[in-house]
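Got chain A sorted already, so can you dock chain B onto it with the hints?
There are 2 protein chains.
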Amino acid sequence: HGYRWIPGTAVACDLCCFQIIVFDEECFQGRRHEFTSECCNVMEFGFETVRSMKVESGAWVGYEHASYQGQQFILERGEYPQCDAFGGSNAYHIERMTSFRPISCANHRECRMTIFERENFLGRKGELSDDYPSLQAMGWCNNEVGSLRIQAGAFVCYQYPGYRGYQYIMECDRHCGEYKHFREFGSHCQTPQIQSIRRIQQ
Amino acid sequence: HGYRWIPGTAVACDLCCFQIIVFDEECFQGRRHEFTSECCNVMEFGFETVRSMKVESGAWVGYEHASYQGQQFILERGEYPQCDAFGGSNAYHIERMTSFRPISCANHRECRMTIFERENFLGRKGELSDDYPSLQAMGWCNNEVGSLRIQAGAFVCYQYPGYRGYQYIMECDRHCGEYKHFREFGSHCQTPQIQSIRRIQQ
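If you read the sequences in order, they're chains A and B. So in my numbering, spot 67 of the first sequence is number 67, and the numbers just go up one at a time. So in my numbering, spot 188 of the second sequence is number 188, and the numbers just go up one at a time.
Pulled out of the complex, with its shape left as it was, chain A reads as follows:
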């Protein structure tokens, strides 16, 4: 699937398992805790905040505040040595991650969504099942999406082209996959501006 390894090298299969290690200091220093399922409030584990992390498997969503509130941002496998490495936006710095949860419905090959020009699933529409660093380059009419419906899988929608700016994690098994107004995109969402969209893989 577009990624061929030289014979003899192993490719780990980490579908269906989740692991994240969080640290309260930058560069994987200080207090450390490992999670394999959701965390509603990291302060209950003695953390003031999370300043670095390693995602060992699965895809996760991080939230600025406890109880999955505030800015949200996608966390995929890899190393995040400081807050700036995982914060959701250039424009509005996140200095903290207080809650996080796995994304269980992500399946790269089966992601399907429909975007609509206006709220309540009205106006022009476009059907997406790929990654789109620029919706406008793909023929979308403007820099906004009024509403959207996820038929399968999970996506990240971004405010600006090239996967920049505010992030909104959209899943088929949340809100019944229906986001009929930009205020349902996320608790911090102020505008229907969405200019790039990509699928999430576990």
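Just to be clear, a hint being listed does not mean it is correct.
If several chains are the same, the list does not tell them apart, and a pair holds so long as it fits within one copy or across any two.
With a cut-off of at most 30 Å between alpha-carbon atoms, the simulated DSS-like pairs for lysine-lysine come out as follows [stated by the list, open to error]: (1) 54 to 125; (2) 180 to 54; (3) 180 to 125.
Hints listed in this document are in silico derivations from the structure and should not be mistaken for laboratory results.
Then chain B, alone, in the frame of chain A:
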């Protein structure tokens, strides 16, 4: 190709043409200039810097300094109302874009590159022809890429997973497509850390 429009809506074909409109104030205000080819130093057009822009067609690379020096960042079709919308990294804010040029070799469907564990094309290797928000999730051994070779098209390599952090624009028709040491990744590159890679489309 993963994006189906309802019948009757037109999809603009903007292959092979380039247009960018830059402004010296945020939100598309102030002095304005339109370019259809490279600009080595926007100050020669009376700009102190660029604070917002609209990419009307094509993919471009922006640079922090004149003569295509300093931090680099991908610019695809869409609207960038402030510096934070186009700057290349969360961690190190770019407050300016002084030069920019079109990327002429980008063709999403034909992008091919090989990444190597160590410099000078040594060690383990992986062949890429898709988008990879997490190299580690695809089986890559660590958080670094020692060297790389572009056989076709153009890619953006990012320091962190999920298309975050420093950006390095890599093209088959620059450096003969060969980047044998991380210092060739970009003039601002301090480390071989690369954790996500994606193709560029014109």
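Hint-by-hint comparison with the structure:
In the homo-oligomer, the alpha carbons of residue 54 and residue 125 lie at most 30 Å apart only across protomers (23 Å), although the nearest pairing inside one protomer, at 38 Å, exceeds that limit. Taking the closest pair of Cα atoms, residue 180 and residue 54 come within 30 Å of each other only across two copies (28 Å); inside a single copy the shortest separation is 34 Å, beyond that limit. Taking the shortest alpha-carbon separations for residue 180 and residue 125, only the intra-copy value of 13 Å comes in at or below 30 Å, while the best inter-copy value is 45 Å.
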